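Engineer: Listed below are the residues making up each chain.
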Amino acid sequence: MKPITVFASQFGDEIALKPDFIVEKDQRYYLLNSRLKQLARNDYYYAGLYLGKVKNGVFFPSFNLLKMLVDVAVNKIVIDKKAAWLFICGRDIFRTGIVKAYGSRRVGDCTLVLNEYGECLGFGRITGGLDAAEGKVVIRNILDVGDFLRREF
Amino acid sequence: MSGRDFFVNRYAQLGWRFREVESRQSIRINQSNAKQKKLPERLSGLGVQIEKIPFLEAAYWVCKSRVSAGATAEYLLGFYSIQEAAAQIPATLFTGLKGKTVLDACAAPGGKTVQLADLMVNSGALVALDVNKRRLAALSNHLERCHISNAVVYNLDARQASRLNLKFDRILLDVPCSGNFASDKEWFNRRTLIDVERNSKVQREILAEAVKCLASNGEIVYSTCSLEPEEDEMNMDWAVRNLGLNIEEVNCLGEKGLTEVFGRKLDVSVERCRRIWPGDTQGFFVCKLSKRAVAS
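From first to last, the protein sequence lines stand for chains G and X. For reference, each letter of the first sequence is one residue, going 1 to 153 in our numbering. For reference, each letter of the second sequence is one residue, going 1001 to 1296 in our numbering.
Calculated from the structure, these hints are not laboratory results. Mixed in with the good hints there might be a few duds.
Said to hold, decoys possible - Quick list of in silico lysine to any residue cross-link-like pairs, SDA-like style, CA-CA up to 20 angstroms:
#, chain 1, residue 1, chain 2, residue 2
1, G, K82, X, A1071
2, G, K81, X, A1034
3, G, K67, G, K136
4, X, K1098, G, K67
5, G, K25, X, A1137
6, G, K37, X, R1204
7, X, K1291, X, R1204
8, G, K67, G, V137
Note that this is a predicted model, so its numbers are computed, not measured.
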């Protein structure tokens, strides 16, 4: 539970999760519904809503968790179509691709990355002022949904 | 007892004249995720031309596409899945999935698991099994991509499902099968009748185990993508005679199940099964079963 709340706090707010319904197995965290909580045995491979895993002491969030954070996170940016395509291909974000920015603009802070429909494509770290020069990377890609394609190989 | 001529001759005996077919790509909208997303319009804007599949609820043929349908943001966000059209039929044959306890006994890579969860509106419990641990990674990725929250996955052989000590309201048996030539260009070179018979035996074992786990008033949907009657109608005939199962009427694409196979007469109720010869879709077989009421 703690790695999840610590991770969520990087985006500027707390996430409300029912601790009784969160289970941890092999350093992977899952959120169960009440029916699954009743019937799931301990030897499951995957259960409920996957929230993320801890590997070498670092928490790696799932896209379920990022989606849950959209409504509560303070730090988020909206990017245009072209920047969104490049972002899901694993690329960083230039200042020109940003349509709107909410919350922190401080270098080093994390921010969710949303497309024009407000859907979460991943998250990144602010590396430059959001009013930086046009050709400068301002958000470093940390995780994007293109990861689903890269995982397969 | 193998080779193209051998199998083509069998199909002719079953009443179907062999022809080469081109498989068509199809997608299924995950309605729980894609609500109010205007997905057809968004895909059209990306250069993905789609056409509604008339015999399915939320499915489209991909007619032409400038981009890979499996690499759009909409796909990665879980708004739709790429799922062969005939393979979308089995999950739709269940009645009232919402809030139920459901078993997907041979689940990986998870296309039907996600479809079941979507039809369940992420309620109740969906237990997904697969015997092959490596395939569970693909299943898990699929569940995460589509934001499924009501599934629990075990690395377990479907023939041991009763070890879970659960009774299921609905059981999907999309059993391992020999496949068909429409989805595998090398099929005729790879398969022999011995494979078919071996698969048929495993399928019967899975069926027998599923019956042990089925709640009273429960439903089983059995499906294969095999065209071989040993894995299809003959297994259903066996299930009716040996497992106390009824074959239910279904309303879906396909021809009536065969009731006479290579000179052998099967139970008349086998005609309630549906056999889909390759054409717009791959070859497929599907059937809905329920427990026969015991006379008091």
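Engineer: Next, verify each hint and record whether it holds.
Structural biologist: Cross-check of the supplied hints:
1. Straight-line distance between C-alpha atoms of G:K82 and X:A1071 comes to about 15 angstroms, which keeps the hinted pair within the 20 angstroms bound.
2. Restraint check: the Cα-Cα separation between G:K81 and X:A1034 comes to about 19 angstroms, which is no more than 20 angstroms; the hinted pair holds.
3. Only pairs whose Cα atoms come within 20 angstroms are accepted, and G:K67 paired with G:K136 is rejected, the gap being roughly 28 angstroms.
4. A hinted pair counts as satisfied when its Cα atoms are at most 20 angstroms apart, and X:K1098 with G:K67 does not qualify at roughly 24 angstroms.
5. Taking the CA atoms of G:K25 and X:A1137, the gap is about 15 angstroms. The hint holds against a cut of 20 angstroms.
6. Restraint check for G:K37 and X:R1204: not satisfied, since their Cα atoms lie roughly 32 angstroms apart, outside the 20 angstroms limit.
7. A distance of roughly 16 angstroms separates the Cα atoms of X:K1291 and X:R1204; the hinted pair therefore holds under the 20 angstroms criterion.
8. Our distance criterion of 20 angstroms between C-alpha atoms is broken by G:K67 and G:V137, whose separation comes to about 24 angstroms.
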